[in-house]
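Number of protein chains: 2
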Amino acid sequence: MTQHDAVEVIVAKRDGQELSDSQIDWVIDAYTRGDVADEQMSALAMAILLNGMDRREIARWTGAMIASGERMDFSGLSRPTADKHSTGGVGDKITLPLAPLVAACGVAVPQLSGRGLGHTGGTLDKLEAIPGWRAGLSNEEILDQLESLGAVICAAGDGLAPADKKLYALRDVTGTVEAIPLIASSIMSKKIAEGTGALVLDVKVGTGAFMKDEASARELAETMVALGTDAGVHTVALLTDMSTPLGLTAGNGIEVEESVEVLAGGGPADVVELTLALAREMLAGAGRDDVDPADRLADGSAMDVWRQMIRAQDGDPDADLPAARESHVVEAPSSGVLTRLDAMAVGMAAWRLGAGRARKEDPVQAAAGVRWHARPGDAVTAGQPLFTLLTDEADRFDRALASLEGGYDVEPEGTAYSPRDLVIDRIG
Amino acid sequence: MTQHDAVEVIVAKRDGQELSDSQIDWVIDAYTRGDVADEQMSALAMAILLNGMDRREIARWTGAMIASGERMDFSGLSRPTADKHSTGGVGDKITLPLAPLVAACGVAVPQLSGRGLGHTGGTLDKLEAIPGWRAGLSNEEILDQLESLGAVICAAGDGLAPADKKLYALRDVTGTVEAIPLIASSIMSKKIAEGTGALVLDVKVGTGAFMKDEASARELAETMVALGTDAGVHTVALLTDMSTPLGLTAGNGIEVEESVEVLAGGGPADVVELTLALAREMLAGAGRDDVDPADRLADGSAMDVWRQMIRAQDGDPDADLPAARESHVVEAPSSGVLTRLDAMAVGMAAWRLGAGRARKEDPVQAAAGVRWHARPGDAVTAGQPLFTLLTDEADRFDRALASLEGGYDVEPEGTAYSPRDLVIDRIG
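Going line by line, the protein sequences match chains A and B.
For the first sequence, position 330 matches number 650 in the working numbering, and the numbering has no gaps at all.
For the second sequence, position 412 matches number 732 in the working numbering, and the numbering has no gaps at all.
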C-alpha cells in the first residue's frame with residue numbers, strides 16, 4: 321500500500337480536491353490500525369462533510385472500510401439472499417414481520433442489526449423484550465439458521481467493517497454524523513461486507529427521520545443505490561414517509577406485539593402495507609417475484625417461520641411480554657378528526673419513557689413506550705384515550721408529556737384531511 | 321460559566337452560525353481542562369477554517385485563550401514597552417539587531433520567542449548558536465533584565481495562553497494551521513498576555529512566507545491589528561516582501577554573525593532597512609518617535625546593549641561561533657544579472673542542511689545553512705561562487721542542492737530588473 325501522510329490527505333479534502341484511490345485506501349487502513357489519530361480523522365470527516373465526495377471517492381471509501389474487516393459469504397446457501405436496511409424511524413418495527421415473511425417466500429434474510437440511539441428504536445432492543453431471546457450469534461450459527469429457517473435477525477459481529485465501527489463512534493461525538501457520503505458508506509460497507517445478494521433500503525423522510533427533507537433523503541438513497549450496484553448487490557431504495565409514526569406503537573415489547581398481529585394476518589394497515597412493499601422488492605431483487613407475500617401472511621407460513629426463528633435464538637414466542645409498571649392516559653382534548661400526529665414528538669416521548677437510550681451503554685426498558693389510539697384521519701371523541709404512556713418509572717411521565725405537547729392536532733369534524741403517501745418514491 | 325456541549329458548538333460553526341461569547345468561553349476552557357477532546361476541537365478547527373469567524377468571535381476566542389493562563393505585567397518598569405512579531409521568513413534575523421537597538425533608544429523590548437519548525441528558522445535556535453547562551457528565563461529574570469538592560473529575547477513560558485499551546489500542537493497535525501482566525505488569535509493571545517504596551521507585526525508575503533499572496537497577508541494583518549487595538553495594545557503591521565530571502569544568510573550561527581554586522585554599522589542593506597523600519601514603528605508605538613534609531617546603530621549603543629543582553633543570559637558575545645564541518649560551493653552558471661532568488665528554495669535548502677527541524681523534538685545544527693554571494697539585481701560572473709552550503713553532514717548536500725534547483729535565475733547583462741519594495745504597506 322502506498323504510504324501517505326494524514327495532514328496531506330486532510331489538506332487535500334479541506335482545499336476541495338478529490339482524494340485519490342491510494343489516499344483513501346491508506347487513510348482508512350491507517351485509521352483502523354491507529355496510525356491516523358482520532359483528531360486527524362475527525363478533521364477529515366468535517367472537511368468531507370463541508371466539501372463532499374464524488375461517486376468514485378464514496379465507492380472507494382466504502383470499499384476500503386469493507387477491506388478493513390472480514391466478509392461473509394452466503395453463496396453456499398440453497399436459496400438466494402435479500403436484506404433490508406431502514407435509516408430509522410419511530411414505530412419502525414417492519415424488520416420483525418418482514419424477515420420471516422420473506423423467508424416464508426423462499427428467500428433467505430440475513431438481517432444483521434443494531435441497537436437504537438436517541439429517539440428511534442433498535443431492532444435488537446425490541447426483540448430483547450422477548451424472554452430468553454439472544455442477539456449474539458456466531459457466523460456459523462447465522463449460516464446454519466439461514467439454511468434451516470431462511471431468516472436470522474441478530475447483532476452484526478465486530479468483524480464486519482471495523483473501520484466503520486470506529487469512525488461511527490468518532491462521528492457521533494464530533495458533529496460529523498450528518499455527511500451523506502459518510503452515512504452512505506457506513507451503511508453500505510456493512511451490508512456489502514455481510515454478503516447479501518439483494519438489498520432494499522427504506523430511506524425515511526420527515527420530522528421523525530434522520531433526513532427531514534425529501535431532497536436530502538433522495539440524495540442519500542441515490543448514493544447508496546449507486547454504491548450497492550457498483551459492488552454487485554442488487555439494490556433498490558424506497559423513500560417512505562416518517563412525518564407520522566408507523567402503526568400504533570413505539571417502544572420495544574409493544575412493537576413486538578404489533579408485529580405478531582401483522583404476522584397473524586391483522587395489524588395496522590400502514591405496517592402491513594410497508595411490510596408487503598418491502599417484501600415485494602426483496603423478492604424481486606432475489607429473483608423470486610413469482611411469489612406473492614400477502615399469501616404467506618394469510619396462510620400462516622410467515623408466522624411459522626417467526627416462531628421457529630425466535631425459538632432458534634432461545635426466545636419463547638408464547639411467553640408473555642413484560643408489562644409496564646406505570647401507565648398514563650392522555651385523552652382527546654375535543655371531538656373531531658386527528659389531523660396530525662408528529663413522529664418526532666412520539667419518538668421523543670417513547671425515548672423519555674425509557675424505550676430508548678441517550679448513550680450507547682445505557683439500558684432500555686422492555687415495556688416502556690407509547691401507544692396511540694387513533695391515526696391521522698381517524699375521528700376522535702372528547703375524553704377518549706388518545707395516548708397511553710408506559711414506563712417502569714412514574715417520574716418519566718412529565719418529560720414525556722412535554723415531548724408530546726404540540727405534537728398532534730384534533731380539528732373539528734369535517735376539516736379537510738388528505739393522507740400522505742406512505743411510499744413516496746422508488747429509486748433504483 | 322454557562323455549560324455547553326461540544327457537539328452543539330461544533331454543529332453551530334459547521335452550519336455557518338456565529339458562536340456566542342458563552343459558547344467560545346466554554347469551549348476554550350473545557351478544552352484546556354480536557355473536557356473537550358482533541359478529536360472534538362480538531363473538528364471545530366476545521367469548521368472554523370472552512371466557515372470563518374467574524375471580528376467579535378475572533379476577539380472573544382483570543383480573550384478566552386488569554387484567560388486560560390497567566391498574564392505578565394510590565395507596568396512597573398521605568399520605560400515603555402514595545403514588542404515585534406514576524407510571521408516567519410527565510411533569513412529573518414531581524415529580532416536579533418532590533419531588540420537591542422530599540423532598547424538603546426529607551427524603550428524596553430520583551431521579546432518572548434519560539435523555536436523554528438519547517439523551512440523558517442526560529443529566533444531561539446539562532447541565539448543558541450552562541451556558546452553558553454540560555455533561552456529559558458523565569459518571569460522575575462525577564463523583568464529584572466528588562467529594567468536593567470531594556471531588552472530580553474527568551475523562550476515564552478508555559479504559563480502564557482496554555483490553550484493556545486495545546487491548540488497549536490493539535491492544528492499542526494490536523495491540517496488546520498491555515499485558518500486566519502486561528503493564526504491571528506494564536507499570535508495575539510500570547511502577545512496580549514505578555515503585556516507589551518505596543519506591538520509591531522511583520523507580516524510576510526511571498527513564496528518563502530506562510531502567506532503566499534498579498535490578500536491573505538493583508539487579511540491576517542488587519543485581523544491582528546484589530547485584535548491588538550481592541551485589547552488596548554498599540555498595534556501596527558507592516559506587510560513585507562518574502563519572495564526573496566533577507567540579507568545574505570539563512571541558518572543559525574551565520575545569521576547571528578550577520579546581525580552583529582548590522583549592529584556594528586554594516587550588514588546587508590535590506591536587513592538594515594527593515595530593522596530601522598520596524599524600530600521606528602516600535603518607538604512610535606511606545607511614544608518615543610523623537611529618537612532616530614539610525615543614530616544608535618551609528619554610535620555603537622545598540623551593540624553595547626546586544627553584548628550585555630547576550631552576557632546576561634550566560635552567552636559569550638566574543639566567542640567564535642561554531643564552524644560547519646562540510647561546505648559546498650555552487651557557482652554561477654553564466655555571466656549576467658541575478659534576477660531572481662527564491663526565498664522558499666533557499667529556506668528549504670537551509671532546512672535540509674540541518675538548520676531547521678521537521679518535528680519539534682528534533683535538534684538543529686548551529687553551523688548549518690546557506691550563504692548567497694549575490695542579491696537580486698547584482699551582476700555575476702560565470703564560475704563565481706553563488707551559494708555556499710554549510711552542514712556537519714555531507715550526505716545532506718544532495719537534497720539541499722535539489723531544493724535550490726530552479727530557485728534562481730541568472731539572465732544576460734542588460735536584462736531589465738526592477739527591485740520589489742521591501743515594505744509593501746503599513747496597516748494600523
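To be clear, the hints were calculated from the coordinates, so they are not data collected in a lab.
Any given hint might turn out to be false.
What the hints assert, rightly or not - Mimicking BS3-like on lysine-lysine, the simulated pairs with C-alpha atoms at most 30 Å apart in a straight line are:
{"hint": "1", "chain 1": "A", "residue 1": "K486", "chain 2": "B", "residue 2": "K486"}
{"hint": "2", "chain 1": "A", "residue 1": "K485", "chain 2": "A", "residue 2": "K680"}
{"hint": "3", "chain 1": "A", "residue 1": "K680", "chain 2": "A", "residue 2": "K486"}
{"hint": "4", "chain 1": "A", "residue 1": "K532", "chain 2": "A", "residue 2": "K485"}
{"hint": "5", "chain 1": "B", "residue 1": "K485", "chain 2": "B", "residue 2": "K680"}
{"hint": "6", "chain 1": "B", "residue 1": "K486", "chain 2": "A", "residue 2": "K485"}
{"hint": "7", "chain 1": "A", "residue 1": "K486", "chain 2": "A", "residue 2": "K532"}
{"hint": "8", "chain 1": "B", "residue 1": "K532", "chain 2": "B", "residue 2": "K486"}
{"hint": "9", "chain 1": "B", "residue 1": "K485", "chain 2": "A", "residue 2": "K486"}
This one's a predicted model, so the numbers in the text were calculated from it and none came from an experiment.
Within 30 Å, alpha carbon to alpha carbon, are A/K486 and B/K486?
-> holds, 25 Å
Is B/K485 close enough to B/K680, meaning Cα to Cα at most 30 Å?
-> holds, 13 Å
A/K486 and A/K532: Cα distance at most 30 Å?
-> Cα-Cα ~26 Å, so holds.
Holds or violated: are the alpha carbons of A/K485 and A/K680 at most 30 Å from each other?
-> With Cα atoms ~13 Å apart, A/K485 and A/K680 stay inside 30 Å; holds.
Take the C-alpha atoms of A/K532 and A/K485, compute the straight-line distance between them, and say whether it is at most 30 Å.
-> Holds. A/K532 to A/K485 sits at ~25 Å (cutoff 30 Å).
Hinted pair B/K486 and A/K485, Cα distance within 30 Å | holds, 28 Å
Has the given pair, B/K532 with B/K486, been kept, meaning a C-alpha gap of at most 30 Å?
-> holds, 26 Å
Are B/K485 and A/K486 close enough, with their CA atoms no more than 30 Å apart?
-> holds, 28 Å
Under the criterion that the straight-line Cα-Cα distance not exceed 30 Å, is the pair A/K680, A/K486 satisfied?
-> Within the cut-off at roughly 14 Å; holds.
Consistency note: the structure conflicts with none of the earlier hints.
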